[in-house]
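> The C-terminal position of the sequence shown is numbered 164 in our numbering, with every residue numbered one higher than the one before it.
Calculated from the structure, these hints are not laboratory results.
Mixed in with the good hints there might be a few duds.
[Unchecked claim] DEER-style ranges, computed between Cβ atoms:
#, residue 1, residue 2, range
1, Y110, P131, 10 to 20 Å
2, H132, E95, 26 to 36 Å
3, H99, T143, 19 to 29 Å
4, R96, T143, 14 to 24 Å
5, D149, V111, 14 to 24 Å
6, H132, H99, 37 to 47 Å
7, L154, Y133, 34 to 44 Å
8, Y133, R101, 13 to 23 Å
9, F151, P131, 24 to 34 Å
10, H132, E107, 38 to 48 Å
[What the hints assert, rightly or not] Cut-off 16 Å, straight-line C-alpha distance, at most; resulting in silico cross-link-like pairs (EDC-like, lysine to aspartate or glutamate):
#, residue 1, residue 2
11, K91, E140
12, K91, D126
13, K91, D149
14, K94, E114
Glycine is no exception: its CB is placed at the ideal position from the N, C-alpha and C atoms.
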Amino acid sequence: MNQIQLKYNMTGVNLLMMLKTLKERLIHNRLEVQREDGYVETELFSFQASAAEDDLARLPHYSPSGLIEFLTLHNGADLFVHLHTVEESDFLV
Numbered sequence: 072m073n074q075i076q077l078k079y080n081m082t083g084v085n086l087l088m089m090l091k092t093l094k095e096r097l098i099h100n101r102l103e104v105q106r107e108d109g110y111v112e113t114e115l116f117s118f119q120a121s122a123a124e125d126d127l128a129r130l131p132h133y134s135p136s137g138l139i140e141f142l143t144l145h146n147g148a149d150l151f152v153h154l155h156t157v158e159e160s161d162f163l164v
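Start from the sequences and build out the full structure, keeping to the hints where you can.
Spelled out as structure tokens, the structure:
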């Protein structure tokens with residue numbers, strides 16, 4: 072697999088598959104993650120609502136399709152946020 076194919080795979084279909092798989096593993100926007108030192112910590116995840124059609128229409132024509140597909144689902148996300156650094160109420164659905 073060459074660099075261009077690898078780059079597409081990481082920004083296209085595989086990215087959306089990874090996002091879907093991650094979301095399936097979340098319980099109340101939380102996931103237990105094992106850290107480098109071996110301890111387990113609960114991380115928070117938050118996904119914003121989809122981007123408006125007007126905003127998507129303003130994207131440059133050369134925007135990667137994976138980015139556009141992500142923005143149709145979520146206009147941003149907070150991933151792997153430590154519980155002790157935020158107010159939990161900020162991440163309630």
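> For each hint, tell me whether it holds in the structure or not.
Evaluation of the provided hints:
1. Y110 x P131: 10 to 20 Å: violated, 43 Å
2. H132 x E95: 26 to 36 Å: holds, 33 Å
3. H99 x T143: 19 to 29 Å: holds, 25 Å
4. R96 x T143: 14 to 24 Å: holds, 22 Å
5. D149 x V111: 14 to 24 Å: Check passed, 20 Å falls within 14 to 24 Å.
6. H132 x H99: 37 to 47 Å: For H132 and H99 the Cβ distance comes to about 39 Å; the hint holds.
7. L154 x Y133: 34 to 44 Å: holds, 39 Å
8. Y133 x R101: 13 to 23 Å: Given about 37 Å between the Cβ atoms, the range is violated.
9. F151 x P131: 24 to 34 Å: Distance hint for F151, P131 holds at roughly 29 Å.
10. H132 x E107: 38 to 48 Å: Given range 38 to 48 Å: holds, Cβ gap about 41 Å.
11. K91 x E140: holds, 12 Å
12. K91 x D126: violated, 23 Å
13. K91 x D149: Measuring from Cα to Cα gives roughly 15 Å; hence the hint holds.
14. K94 x E114: Since the Cα atoms of K94 and E114 sit roughly 13 Å apart, the hinted pair holds (cutoff 16 Å).
Hints 1, 8, 12, counting from the list given before, are not met by this structure.
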